[in-house]
Amino acid sequence: MYDHFETPEPDEAVKLALRRIEESTARGEGSDVDGLEFNEVVVNMGPQHPSTHGVLRLVVTLDGELVKDVIPVIGYLHRCKEKLAERRTYFQYIPIVDRTEYLASINCEWAYVMTVEKLAGIQVTRRAEFIRVITGELMRIASHLVAVGTFTADLSPLGTAMVFYMFRDREVILDLMEELTGARMMFNYYRFGGVRYDLPDGWVERCRDFLKMFPRKIKEYEALVDDNAVFLQRTQGTGVITQQDVVDYGITGPNARASGIDLDLRRHRPYSVYPELDFEVITAQHGDIFDRYRCRMDEMRESLKIVEQCLDMLPKGPAQLGSLRAPYVITPPPGSCYVGQENPRGEYGTYIESDGSRYPSRLKYRDPCFCNLQLFPKLLSGNKIADAVAISGSIDLVLGGIDR
Amino acid sequence: MDIVLGILRAILFVVIAYAVVFVAALVNIYFERRAMAFIGDRLGPNRTGPQGVLQSIADAFKMMGKEDFRPLLADPVLFTLAPVTVMIGAVAIQLVLPYTQGLLATDLNIGVIFLVAITSFTTLAILMGGWASRNKYSLVGALRAAAQMISYEIPMLLALLIVAMIVGSLRVSAVVAFQAGYEWIGFYAPFTFLMFYIASIAELNRGPFDLPESESELVAGYATEYSGMRFGMFYLNEYAGLTIMSMVTVTLFFGGWMGPWSGALTWWGIDWIGILWFLLKTYVLVFMLVWIRFSIPRLQVDQLMGFAWKILIPLGLVNILATAAIILWVPEWKWGLAIFGWVSFFAFVGLFDPLLKRRLRKQRERQPVVSA
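Protein sequence lines, in the order shown, are assigned to chains A and B.
If you're matching positions, the first sequence starts at 1 in the numbering used here and goes up one per residue.
If you're matching positions, the second sequence starts at 405 in the numbering used here and goes up one per residue.
Just to be clear, a hint being listed does not mean it is correct.
[To be verified] Each computed DSS-like pair below joins lysine-lysine, with the alpha-carbon atoms no more than 30 angstroms apart: (1) K83/A x K217/A; (2) K15/A x K766/B; (3) K466/B x K384/A; (4) K217/A x K714/B; (5) K378/A x K15/A; (6) K384/A x K83/A; (7) K466/B x K378/A; (8) K540/B x K219/A; (9) K761/B x K714/B; (10) K466/B x K219/A; (11) K219/A x K118/A; (12) K364/A x K212/A; (13) K212/A x K305/A; (14) K364/A x K118/A; (15) K219/A x K766/B; (16) K378/A x K540/B; (17) K305/A x K118/A; (18) K384/A x K714/B; (19) K466/B x K540/B; (20) K384/A x K540/B.
Simulated from the structure, these hints should not be mistaken for lab results.
Just so you know, these numbers come straight off a predicted model, no measurement behind them.
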């Protein structure tokens with residue numbers, strides 16, 4: 001029927017993988033079956049694959065069930081976020097920041113707004129600072145819920161139940177945010193020097209209800225998996241990130257803290273009102289999948305603690321600078337500024353270079369997922385496919401942030 | 405005349421077998437989706453028909469309406485044959501299953517062996533489909549399926565041997581007749597039942613043993629390249645398998661169609677109450693299967709094989725030796741078997757998890773703390 005057909009030419013990443021196989025075969029590694037040139041198979045995982053959580057593409061070299069080599073290919077979600085900044089005023093760019101790392105969009109907004117404020121020397125009102133901490137920590141919980149939920153869904157059908165429990169409770173947070181900002185994911189809420197709206201009536205009480213309800217839910221999740229022998233067997237001791245890796249690759253966030261590195265920008269490069277708040281930096285010792293999972297669970301508890309303190313300390317006063325109108329057009333003095341902020345996934349840095357005009361002349365993000373992704377080839381090689389999937393789930397990548 | 409009657413009888417049983425496969429699959433798909441939704445705190449399909457009961461039928465029509473698509477590089481013969489072959493196991497296994505008194509296609513004298521032999525057709529079909537698709541995910545899934553099903557057939561056979569030893573016959577009808585008066589083999593040999601049940605979950609490719617189609621790694625495993633009704637055949641077989649395997653379990657371990665008042669309503673030599681009991685027992689087991697799937701994370705390949713070869717098979721061999729010794733030397737051997745069976749059952753259930761966790765805890769303590 002099909003006499004003439006052409007298989008498509010493999011692209012650069014696949015060619016690289018094939019070349020590496022040839023090299024390793026030439027070195028005498030790998031092949032152990034007579035008569036075969038090599039045993040390895042190159043498999044494309046993604047950009048459409050159920051477990052890559054987005055459009056990450058991994059060109060995986062498999063030797064049976066073993067992962068030999070991984071080449072991550074990114075850029076499928078590239079939307080010129082950095083270039084767009086150069087044609088927008090500082091104010092117009094705020095909603096676009098939301099769309100970089102969409103699971104923790106308000107934290108990204110915070111990072112951008114903080115950088116511009118530092119650059120232009122704008123003072124934030126005290127009430128707005130507290131509201132920012134509250135919303136930021138709520139989104140941290142929501143983001144961790146997605147991270148842990150999808151990670152358990154990678155492990156098993158049990159996780160498909162778990163992921164729905166987690167999304168159910170994330171919904172409560174999103175409802176709170178919707179009431180406050182009018183949006184559920186792309187908030188466009190922070191303004192230079194404040195926030196767009198003050199807390200609506202009864203919001204604090206509803207938030208407290210959530211704080212009361214949520215610790216029970218965390219216990220419920222833990223009861224589901226923490227005591228499950230199969231879960232422990234699959235997660236403990238696999239995918240270990242050593243402290244050397246953390247330093248070499250610039251890993252930040254829960255992934256670094258799970259390896260015992262006490263690094264949390266809220267504590268070590270404090271911004272906003274974090275110095276006044278009492279919270280712990282969660283660390284673990286083994287750096288494996290299980291520890292990363294535990295770190296996220298415990299961080300949710302810490303975030304609850306922070307939100308509760310903020311609600312107690314919430315001062316009266318304006319939530320926005322001066323009048324109701326935020327400073328729409330700002331022209332920071334020439335210069336550059338970098339601010340790192342503790343995003344749920346690690347250090348989310350924003351670097352802005354200003355030439356004194358209404359537009360930033362250059363904007364650059366330091367995205368935690370981008371740095372964490374670099375570790376993939378090292379971390380996944382030598383594991384079974386199933387483990388590789390579990391490990392990549394536990395690293396918690398958001399492609400929106402990586403590709404920007 | 406006899407020949408005509410024989411042919412009619414054969415046609416009747418073929419129709420029944422296919423009807424059971426299709427109805428069971430449609431019911432199970434709906435049942436599992438609702439149960440899964442219930443476990444996941446969702447609603448599940450509830451729009452098509454009252455409480456969504458027509459959802460599977462709508463899905464079946466959707467599948468039939470899809471394009472009959474074959475990938476360019478696939479092996480055309482094997483690719484087409486695989487979805488047909490996959491149905492053979494589920495249909496042919498019913499040849500020796502007594503649905504109720506008087507409703508049994510043939511009473512093969514090697515019925516119990518036939519049960520195991522015929523389930524291998526599914527493995528064959530999966531291997532065919534996975535190979536013919538020319539897709540790496542399919543191939544890995546198919547090879548996993550083959551390795552897994554061959555491994556778990558051995559503990560399954562060991563468990564069936566014990567049933568044959570207790571009954572003293574390989575006829576399925578004799579197995580059912582032995583269990584008259586509620587003397588269920590499941591009560592005499594609960595540990596054997598447990599082994600059989602675990603092996604049958606693995607044979608069905610269901611969670612926690614659903615590696616051949618673990619969607620998070622292999623997309624859809626061996627069925628990745630299949631679509632439309634060809635995929636539908638794999639899907640139907642998988643879900644019909646729930647009912648068929650539970651029917652086998654009920655027949656072998658839980659008295660088949662026998663229950664209170666069975667025999668009270670007999671028309672044309674068929675005991676109709678028995679069918680109800682058979683279905684009821686079957687669906688209790690089907691619910692167990694669904695429940696287990698959503699309670700235990702997926703095992704990993706080496707853990708899966710290790711569990712079969714290092715735990716189930718040695719225990720099965722010990723079990724056979726002990727059962728044989730009890731039957732030979734203990735005068736009241738049924739009671740002896742029951743005591744041995746329940747002690748080993750509770751020992752396995754009670755010790756396995758704590759021992760595994762203890763081992764994991766020790767491993768955890770030994771696990772090096774990461775440092776620079």
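Tested hints:
no.	hint	verdict
1	K83/A x K217/A	violated (42 angstroms)
2	K15/A x K766/B	violated (44 angstroms)
3	K466/B x K384/A	violated (36 angstroms)
4	K217/A x K714/B	violated (38 angstroms)
5	K378/A x K15/A	holds (19 angstroms)
6	K384/A x K83/A	violated (40 angstroms)
7	K466/B x K378/A	violated (44 angstroms)
8	K540/B x K219/A	violated (40 angstroms)
9	K761/B x K714/B	holds (17 angstroms)
10	K466/B x K219/A	violated (42 angstroms)
11	K219/A x K118/A	violated (40 angstroms)
12	K364/A x K212/A	violated (39 angstroms)
13	K212/A x K305/A	holds (11 angstroms)
14	K364/A x K118/A	holds (16 angstroms)
15	K219/A x K766/B	holds (25 angstroms)
16	K378/A x K540/B	holds (23 angstroms)
17	K305/A x K118/A	holds (28 angstroms)
18	K384/A x K714/B	holds (20 angstroms)
19	K466/B x K540/B	holds (27 angstroms)
20	K384/A x K540/B	holds (15 angstroms)
The earlier numbered hints that this structure contradicts are 1, 2, 3, 4, 6, 7, 8, 10, 11 and 12.
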